[in-house]
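Kindly produce the complete structure, drawing on both the sequences and the hints.
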Amino acid sequence: MTTARLIIAIVSTMAVEFAFYAIWRWMLPEFNIQVPLWALVALMVFWAVFAVVDFIFVTRILRRQTVVGLPTMAGMRGKVRSPLNPEGQVMIKGELWGAKSIDGDIDVGEMVVVAGQDGLQLIVRRAGAGNLRATDKNSTR
Numbered sequence: 001m002t003t004a005r006l007i008i009a010i011v012s013t014m015a016v017e018f019a020f021y022a023i024w025r026w027m028l029p030e031f032n033i034q035v036p037l038w039a040l041v042a043l044m045v046f047w048a049v050f051a052v053v054d055f056i057f058v059t060r061i062l063r064r065q066t067v068v069g070l071p072t073m074a075g076m077r078g079k080v081r082s083p084l085n086p087e088g089q090v091m092i093k094g095e096l097w098g099a100k101s102i103d104g105d106i107d108v109g110e111m112v113v114v115a116g117q118d119g120l121q122l123i124v125r126r127a128g129a130g131n132l133r134a135t136d137k138n139s140t141r
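Be aware that the sequence shown starts at 1, since it is given in our numbering, and climbs by one per residue.
Possibly wrong hints are sitting among the right ones.
As the list claims (entries may be wrong) - Mimicking DMTMM-like on lysine to aspartate or glutamate, the simulated pairs with C-alpha atoms at most 20 Å apart in a straight line are: (1) Lys100 <-> Glu110; (2) Lys100 <-> Glu87; (3) Lys79 <-> Asp103; (4) Lys93 <-> Glu110; (5) Lys79 <-> Glu110; (6) Lys79 <-> Asp105; (7) Lys93 <-> Asp107; (8) Lys79 <-> Glu95; (9) Lys100 <-> Asp118; (10) Lys79 <-> Asp118; (11) Lys79 <-> Asp107.
The hints are simulated quantities; they were obtained by calculation from the structure and are not laboratory data.
This is the structure in structure tokens:
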């Protein structure tokens, strides 16, 4: 896949470079616009450097394995949106989740910490000072 993307990137960059040249050579003189050769070369070099940096950046992003969903929720903090007695809903990172409390009933507005999961339902406990890890403090929005 990377080889195909590289070939497409090279061909498209060459097409853009040719378009720059064609505009400089044939279109701008039609409107009496004179751009020095050094400006065209500078533009083409800039565009080539941009294309290389862009290709490297996008390739790194595409290779990254993102882990999302329930397995990454453990330890996250959220706020109760409907009473947990023992089941209800919590808001975590702007998303509404079905949740089940392991600390008994928890009222609306209280903070909770995700302890685990059961299918598509989060298992949560009250967020107390002893229940939080350092990374949990900035997880809720």
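Checklist entry - Are Lys93 and Glu110 close enough, with their CA atoms no more than 20 Å apart? => result Answer holds: Lys93 to Glu110 is near 15 Å, not above 20 Å.
Item to check | Holds or violated: Lys79 to Glu110, with C-alpha atoms at most 20 Å apart | outcome: Measuring from Cα to Cα gives roughly 6 Å; hence the hint holds.
Checklist entry - For the pair supplied as a hint, Lys93 and Asp107, is the alpha-carbon distance within the 20 Å limit? => result holds, 19 Å
Checklist entry - Are the Cα positions of Lys100 and Glu87 separated by 20 Å at most? => result holds, 4 Å
Next on the checklist: Please verify whether Lys100 and Asp118 have alpha carbons no more than 20 Å apart.
Outcome noted: Roughly 9 Å between the alpha carbons, so the hint for Lys100 and Asp118 holds.
Next on the checklist: Lys79 and Asp105 were given as a pair; does the straight-line alpha-carbon distance stay at or below 20 Å?
Outcome noted: Measuring from Cα to Cα gives roughly 14 Å; hence the hint holds.
Next on the checklist: Check the hint pairing Lys79 with Asp118 against an upper bound of 20 Å on the C-alpha distance.
Outcome noted: Distance of about 19 Å is within 20 Å: holds.
Next on the checklist: Hint check: Lys79 vs Glu95, CA-CA at most 20 Å. Holds or violated?
Outcome noted: Judged against 20 Å, a Cα distance of about 10 Å means the pair holds.
Checklist entry - Within 20 Å, alpha carbon to alpha carbon, are Lys100 and Glu110? => result holds, 14 Å
Checklist entry - For the pair supplied as a hint, Lys79 and Asp107, is the alpha-carbon distance within the 20 Å limit? => result This hinted pair holds, its Cα atoms lying about 10 Å apart.
Checklist entry - Are the Cα positions of Lys79 and Asp103 separated by 20 Å at most? => result holds, 15 Å
Checked against the numbered hints given earlier, the structure satisfies every one of them.
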